[in-house]
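Q: The lines below spell out each chain.
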Amino acid sequence: MATDAGGTNTETQLSGAEVLLRALKDQGVEVIFGYPGGAVLPIYDALYQQNAIRHILVRHEQAAVHAAEGYARSTGRVGCVLVTSGPGATNAVTGLVDALMDSIPIVCLTGQVPTHLIGNDAFQEADTTGITRPATKHNYLVKRAEDMARTVHEAFYVARSGRPGPVVIDLPKDVLIGRAAYVPPATTPHRSYRPNTTPDATAIARAAALLKGAKRPVIYTGGGVINAGAAASDALRRLVRATGAPCTSTLMGLGAYPANDPLFLGMLGMHGTYEANLAMHACDVMLNIGARFDDRVTGRLNAFSPQSRKIHVDIDPSSINKNVPVEVAIVADAGEAIEALLAAFEADPQTQDRAALAAWWQQIDGWRGKDCLRFTQPTARGAVIKPQYAVQRLYEITRDLGRETFITTEVGQHQMWAAQHFRFDAPNRWMTSGGLGTMGYGLPAGMGVQIAHPDALVIDIAGEASILMNIQEMSTLAQYRLPVKVFILNNEYMGMVRQWQELLHGGRYSESYSAALPDFVKLAESFHAKGLRAHSVDELDDVIRAMIAADGPVIADIVVDQKENVFPMIPSGAAHNEMILGPEHEAEAAGITDEGLVLV
Amino acid sequence: MTTTFDTTIRSATISVLVENEAGVLARVIGLFSGRGYNIDSLTVAPVEDGRGRSRINIVTSGTEMVIEQIKAQLDRLVPVHRVADLTQQGPHVAREMALVKVICAGDKRAEALRLSDAFRARVVDATIESFVFEMTGATDKVDAFIELMRPLGLAEVSRTGVAAMARGTRTI
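Chain order of the listed sequences is A and B. The opening residue of the first sequence carries number 1 in UniProt numbering; numbering runs sequentially from there. The opening residue of the second sequence carries number 1 in UniProt numbering; numbering runs sequentially from there.
No lab work stands behind these hints, which were simulated from the structure alone.
Only part of the chain B face toward chain A is listed, based on derived beta-carbon distances under 7 Å: (1) Ala72; (2) Gln73; (3) Pro79.
SDA-like, lysine to any residue: derived pairs with alpha carbons at most 20 Å apart: (4) B:Lys71 - A:Asn196; (5) A:Lys322 - B:Arg35; (6) A:Lys322 - B:Phe32; (7) A:Lys322 - B:Glu68; (8) A:Lys322 - B:Gly36; (9) B:Lys71 - A:Thr197; (10) A:Lys322 - B:Gly30; (11) A:Lys322 - B:Arg10; (12) B:Lys108 - B:Phe119.
Glycine included, C-beta positions come from ideal geometry on N, C-alpha and C.
Build out the structure end to end from the sequences listed, making use of the hints.
A: So, in structure tokens, the structure goes:
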């Protein structure tokens, strides 16, 4: 038996790359989204010689991260990415920040030049751990092959536990070639990182008492409920029904509570519904579960929900009292906290003021009567398609079909119309770039969703500008026969930019026109996909049906009204009760203050 | 009922026990610069050799809300073991060391030496034209000494920043 100088059995030793793959397998990785290069060749060589892990070759590293995000968000598992050193790593940074802002668990493996060349400005060298430090939840540089297994196991633990997020492992090439023994995942707790998931009983009792004594309660939920798993969404439904309180959701939380339930007020915030925002403004007790009082949600902070006593459930203590001071803070997993709140609510000795709750609902129903998401779709033959109508028909047709449907989006007006008019009744069906607002997210994210759910219907609701930011991934769809449908609301403008220029910058449309667009039908065909186009309202349903019926990828170019704006809207720097409901109130935006103008 | 944030600015001496690993200081500093927090002083050194831990002492200032944020943000860094707000926890000792070079002659030289004695500073280097004083104490005492040396020919200052811990039996 061969032994090395240290007396270790070299036959039981593997290369660093082999240890890496074995660790990934033990962490449950089935798919890696990646792109090869010089520094990661040993990993690609090891991948070639095994069948446990499937590699999806993307066309740009940013897309690899978004694909892993789509995979992670639609499954609740950790998404895995593999890129080379230098430009491979820097291209991945946008995806990493996107995952950081939206709390998506990702492990991203980056190649690195050999340890002896680090710092020498070697070919394709970048200070990846330095660059990604503020772009990740945590990152590692593995300097010895014997640290490989432990580091990979720890990275997966960090990525998925507590508030999930992206983790980078930087892998110098000599470490991938060096030999070491494999070490299975440890059962001992992490030395320093031990996030708390169990709620404090006293805080739960105080929160339950506030809720039970409330006359005008609101439950406001976010992505934390989705991240806490399907059981948390189920518990939320029971809590909302037990309290009889209205429920609203952030962009990230859509689907945790069924959109078609009468207790659901729709999305809140800048483009949220009138009833959700006014309920937030007028409530006396607010329960925030897994949301972070983001500026898109609160509007002007000093006018945010002025009369309410606030309860905040978040797994990340740094989210509490960051933007909005709260009376009861519960640092816990959303699912555990909801179950505990439900039990404490039932146990609380107070009698709920049903009459006050009924009056509150009457007030809310009055706001609902504004029908704030209404739009008028002309029905004459040849009439131009309203983008809202396109989303509404897409929703209705897919709903009636009964197929499991996942929606991804790019960023902009189409994203808001999708959030407003596509009604989600289950969690993990909606993937959108919320925090970072990354144009180009939807197509690669859809790819990742389709890999995880090969038989599901996956649709990227896109804009003609956003889709061009990662259009190269059409080639990946073709290679792996991924039948993702790209549903472009084509208004020939960066619509949200155009909308702000119209409302806030005197209609000076500086650089927001999408000039020299490709012919999306021919573009689809050149990528071996099907191209469809709807010019007018009478063509819309046929195009949607043909898109869904196609067994491969499709680009459906939906030519929509160029001047449509997203309403309702809380202009920047305004309060919840200062919403613009529709075009008839657009003049109100002109009164925006200088403080409002500096906000994004 | 509305809870509001106190807008009073206070100073906070925060001690952080961290895993002694590559990049941990960069993480802490990056957090302060990335989120726009102040660093008035920062010290770092290994403190538990056998267990591979370092202690970082940070003196910062901000509203109560900002300081709570700083502590929460520090605490969620993966290699951070413990975060202690010494200012908030109660009585604590905070000391720093300064090397102060004074170049002077004649009466000023005598006065510098006399003041250094009053401040219990030690002379660690002397030439015909200069002194280097070593002084240890609370930040305001070091500040006061330096101010006194200014008219006497203050030439250079090197300070360590604050090392701090709670008084009594309490540990981090």
